[in-house]
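S.K.: Line order of the protein sequences matches chains D and F.
Using full-length UniProt numbering, the letters of the first sequence map in sequence onto residues 1 to 465.
Using full-length UniProt numbering, the letters of the second sequence map in sequence onto residues 1 to 465.
Take the hints with a grain of salt, since some may be wrong.
Same chains, same names: a pair is fine if it fits in one copy or spans any two.
[What the hints assert, rightly or not] Listed next, the in silico SDA-like pairs over lysine to any residue satisfying Cα-Cα at most 25 Å (straight line):
#: 1; residue 1: Lys220; residue 2: Ile105
#: 2; residue 1: Lys220; residue 2: Arg164
#: 3; residue 1: Lys220; residue 2: Gly246
#: 4; residue 1: Lys344; residue 2: Thr189
Think of the hints as simulated: they come from the structure by calculation, not from any bench.
Quantities reported herein were computed from a predicted structural model and do not represent experimental measurements.
2 protein chains.
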Amino acid sequence: MPGHADALLTQLRRAVGECNVLTDPAAMEGFLADWTGRYRGQADAVVRPRTTEEVSRVVGECASVGARICVQGGNTGLVGGSVPPPRDDTGQPVIVLSTARMTDIDEVDAVGRCVGAQAGATVDAIDGRAADAGLAFPIDLASRESATAGGVVSTNAGGIRMIRRGNTRSQVLGIEAVLADGRILRRWTSLVKDNVGYDLPALLAGSEGTLAVITRVLFKLVVPPSAATVAVAAVEHVEDAIALIGAASSRGLTVEAAELMTEAGIELVHEHGQRRPTATPAPFYVLLEVSGVGDIETTMAELLDGTGGLVDAVLEPAPARALWGARESHTETIARSSTTPVVKLDISVPIRALPETFAELAAVGTTSDFPCRPILFGHVGDGNIHVNLLDVPEEHAGTVTDRVFGIVAANGGSISAEHGIGRAKTAWTHLGRSDVDLDTMRAVKAAFDPQGLLNPGVIFGLPAP
Amino acid sequence: MPGHADALLTQLRRAVGECNVLTDPAAMEGFLADWTGRYRGQADAVVRPRTTEEVSRVVGECASVGARICVQGGNTGLVGGSVPPPRDDTGQPVIVLSTARMTDIDEVDAVGRCVGAQAGATVDAIDGRAADAGLAFPIDLASRESATAGGVVSTNAGGIRMIRRGNTRSQVLGIEAVLADGRILRRWTSLVKDNVGYDLPALLAGSEGTLAVITRVLFKLVVPPSAATVAVAAVEHVEDAIALIGAASSRGLTVEAAELMTEAGIELVHEHGQRRPTATPAPFYVLLEVSGVGDIETTMAELLDGTGGLVDAVLEPAPARALWGARESHTETIARSSTTPVVKLDISVPIRALPETFAELAAVGTTSDFPCRPILFGHVGDGNIHVNLLDVPEEHAGTVTDRVFGIVAANGGSISAEHGIGRAKTAWTHLGRSDVDLDTMRAVKAAFDPQGLLNPGVIFGLPAP
Chain D
1 MPGHADALLT QLRRAVGECN VLTDPAAMEG FLADWTGRYR GQADAVVRPR
51 TTEEVSRVVG ECASVGARIC VQGGNTGLVG GSVPPPRDDT GQPVIVLSTA
101 RMTDIDEVDA VGRCVGAQAG ATVDAIDGRA ADAGLAFPID LASRESATAG
151 GVVSTNAGGI RMIRRGNTRS QVLGIEAVLA DGRILRRWTS LVKDNVGYDL
201 PALLAGSEGT LAVITRVLFK LVVPPSAATV AVAAVEHVED AIALIGAASS
251 RGLTVEAAEL MTEAGIELVH EHGQRRPTAT PAPFYVLLEV SGVGDIETTM
301 AELLDGTGGL VDAVLEPAPA RALWGARESH TETIARSSTT PVVKLDISVP
351 IRALPETFAE LAAVGTTSDF PCRPILFGHV GDGNIHVNLL DVPEEHAGTV
401 TDRVFGIVAA NGGSISAEHG IGRAKTAWTH LGRSDVDLDT MRAVKAAFDP
451 QGLLNPGVIF GLPAP
Chain F
1 MPGHADALLT QLRRAVGECN VLTDPAAMEG FLADWTGRYR GQADAVVRPR
51 TTEEVSRVVG ECASVGARIC VQGGNTGLVG GSVPPPRDDT GQPVIVLSTA
101 RMTDIDEVDA VGRCVGAQAG ATVDAIDGRA ADAGLAFPID LASRESATAG
151 GVVSTNAGGI RMIRRGNTRS QVLGIEAVLA DGRILRRWTS LVKDNVGYDL
201 PALLAGSEGT LAVITRVLFK LVVPPSAATV AVAAVEHVED AIALIGAASS
251 RGLTVEAAEL MTEAGIELVH EHGQRRPTAT PAPFYVLLEV SGVGDIETTM
301 AELLDGTGGL VDAVLEPAPA RALWGARESH TETIARSSTT PVVKLDISVP
351 IRALPETFAE LAAVGTTSDF PCRPILFGHV GDGNIHVNLL DVPEEHAGTV
401 TDRVFGIVAA NGGSISAEHG IGRAKTAWTH LGRSDVDLDT MRAVKAAFDP
451 QGLLNPGVIF GLPAP
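Work out the full structure, taking the sequences as your base and the hints as a guide.
M.R.: Right under this line is the structure:
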């Protein structure tokens, strides 16, 4: 560690307290590897501030010596964006700034329907606070008990309620963030209309920690539906699932969630102890949660009766945790079932291209000259497919990613629907963005962070050594 | 005009054709004054490109000589943002870039529910195209026959459907824009999920033409409600209106629009030929358009019966043009009824602060030591009030604006809900944004437009001479 790192650590300890600057390798271990096990980095310290003001001091001290800062929330990301780079060639110190101690949640504003939370508050904790006021947090995802406010905003998370509520960006009313020079940027009102200059909160949302360190967020809350029901339909074709979603909307039902799974995925989670959702198997399973007024069970049952390609179906009042369990256990079961780190891709295509894309992606497994077991599932109403490739030899991970992204690009899709670019996909951003677009993003990055201190390598890649 | 302006005009004529570069003062007249009559500017030419490529050439030629570019759509803005500055002290040429000829609208994608439109296509024309496909454009506002795609995106327009559909920013799927150096930035997919780097379309939305020239937009379309009804309730208090909106939502109705008017406004439009919405007058009138399944008229009638402070009410199936007419004629009637240019302010406050803010704003008329007749109306569900001050002597416009904005700031509100800053409100941006925030916006502006060519003075003000 260079000498100026020692001086920096002294300053950081002054800023956040001795015990909140971890330098012991064993203590740092959990902060340096990502959830998937594919990404691992190095850092001189893990720093755990408690307040925005402490973050400001930490970032200011780092800026004064050119130290790199990797921001980490719940470390549930799947693209390596929440861990530092494997090594830093600049010779500058690198710290992980963990928001783990920043878990405060404000009182809910029940009239303005919003709540403020520190960056490290979990989705589950915020939703719990909202529920106490008869409201709900509009973002939900399987990692809800670990994923944090700062993380879902930084990655513009989608999740299982996006079809109903929109993405995380659209839930952000206010934001507090520390800029790369340590100054605090704050917009904090419950106004839904506030056209005074650029929408910097919308820009920070989805910027993956490369522009500023988000410290607090003022989120919209929503009124949860008074009655909802969950159906799982086992169907022959992807088209049948898409038609069922459309039919539900046409009948005046509100679609709260629409998730597609395949027999390969259901079989896998069943082997690991999950109940099969339907008695009879089928190539595809669509989980539909709907709300509405009147007798929604009957309406939904009628819709299922009229669904083309229907093999079997079940219907349960929400929350229907066993039905959701089959869907939500996919990610962890997949991680436990692969002989190599899973190649996890997260793509979207126009709805009309979904059936063809599903077929082409499933065929990647049979057309590879190396082991490759695809498990596909996703938020079908948003055109979003999570592509998981199991048992891929590590030396072939790039090849198979190329193949998947080639299929996606040919179908007019995106190489990152909701997970972001992180470190994992920097080599492929040109598939979805022109040179002019990437240049413009780099200009924005330089405007916010001229020294390149924040999450180096994320989105744009590291400079060649 | 400096010599290099002549050379520029020659290049511009080559780019867009002789007849699309207007330099005759009479021909330019309509492009140099804004709709309110309060803002008037000067330019060397009005340039009317037809395509994105022509815009690219125009901007490129301007950039090469440092000429200023003021972008103009339907010129329906209310803050002076669509006309050039009164005079340019830099000695550089100034052009108005009019999108009037860029009116192409693509075929509607009925499956992806989206449509592409050139910047100059009007809201009404886009909605008409959507209607042909059984869909609707999610943005609507009284100026729909003149307001353009580029204009509503540049200003992040709200409008009468915002309570149901969200702001314009959230309707933008894709965007094509010409950067300040003439290069074309293009993101054009119907994907609702596409997390590849920064959301530049969201940043351009609401940037008031200061970052790039928007040339085309890919908009979301929505399924219009199958049945809707319009009620106008004459009520004693603002609180009664707010309670009625909440009650409608609680009963399972979908609120499509919620507009508040005052007796002063209704009396004024009635004097100008509009039918009074209710037989009995009251201090406030709330227009509520709701949709839903089942017998929405009966549900709505029951709600009205239970409304506190109710003086009178009417109910008509949508579109209920006469009821809407009383609301939509406000802006033009107000413009015709003032002895001086109307001081038009557009503010928002948290919903809980609406009643008090209404009272304080109405009192501005009686507490001034000069003539001042306030007419207030607005999108009450969004906390948005359009403040119109009639008969204010021009020398007192700044004073009365200060007074209104002081009330707004004290109530935690925004000095610009949906109209933007333009040239009109640059002196007051510090009321809603910190120095750090304004500095960050300036850094973004510099990253996009280092020469400061695009809409000089808009949002940030002109440098002191």
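S.K.: Could you run down the list of hints and mark each one as holding or not?
M.R.: Verification of the hints:
1. Lys220 x Ile105: Within one copy only: 13 Å inside a chain, 34 Å across chains, cut-off 25 Å.
2. Lys220 x Arg164: both (14 Å within a copy, 15 Å between copies)
3. Lys220 x Gly246: between (27 Å within a copy, 16 Å between copies)
4. Lys344 x Thr189: between (38 Å within a copy, 23 Å between copies)
Of the numbered hints given earlier, the model fails none.
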